[in-house]
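Produce the complete structure using the sequences and hints provided.
Letter by letter, the sequence shown follows residues 63 to 254 in the numbering used here.
Please note that the accuracy of each hint is not assured.
[Stated by the list, open to error] Below, simulated DSS-like cross-link-like pairs (lysine-lysine); rule was C-alpha separation at most 27 Å, straight line:
hint : residue 1 : residue 2
1    : Lys228    : Lys207
2    : Lys247    : Lys228
3    : Lys231    : Lys207
To be clear, the hints were calculated from the coordinates, so they are not data collected in a lab. Computed from a predicted structure; not experimentally measured.
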Amino acid sequence: MNKTLRVLIVEDSENDALLLVRKLRQGGYEPVFERVSSPDAMNAALDRQEWDIVIADYVMPRFSGFEALILHNEKGIDIPFIIVTGKISEENAVEIMKAGAHDYIMKSNLSRLVPAIERELRDAQVRRAHKRLVNDLTAATKQWKNTFDSITDFVSVNDKDFRFVKVNKALSDLLGMKPDDLVGKHCYELLH
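Shown next as structure tokens:
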């Protein structure tokens, strides 16, 4: 059974877009795709639906692949972006990769398309998982800090040499110092 792949194709040629779709089907995907060829159409497509990947032709008469990449980047979305082109100079290839393209594929070598997509989908999944973990850790840290500071008893975390590592608000208020100013000080110097 083929895997569904939501593909936004930025391409002025319908035939070239259908060639990409055919390659994806041959690679085991069932593409759900939309072809766009202008900034407004791309913007609307990105707003209207979630996509798994964006594939853009580099050379188009009114809307270049580089411009599509810039628009993609301005949206702040983490969707793999692959340039497909018939020709590109080494300097331009370096420029698009530095600007955030995840790969570029020559139209003469479309056998690289499916492996590149599979790699980028895996990488995007790892990035999303990492982002979720960071968000979860940030939320847990904030919750711990709020709990720690809401304790009305005097609480501190000390290292093996009895220096403050963390001080709650109640203890810092008692000592008349900010919690960060207490970190690193020996507790026995301040508490008698």
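Hints and how they fare:
1. Lys228 <-> Lys207: Answer holds: Lys228 to Lys207 is near 10 Å, not above 27 Å.
2. Lys247 <-> Lys228: Between Lys247 and Lys228 the Cα gap is close to 10 Å, so the pair holds against 27 Å.
3. Lys231 <-> Lys207: Holds - the C-alpha atoms of Lys207 and Lys231 are around 10 Å apart, at most 27 Å.
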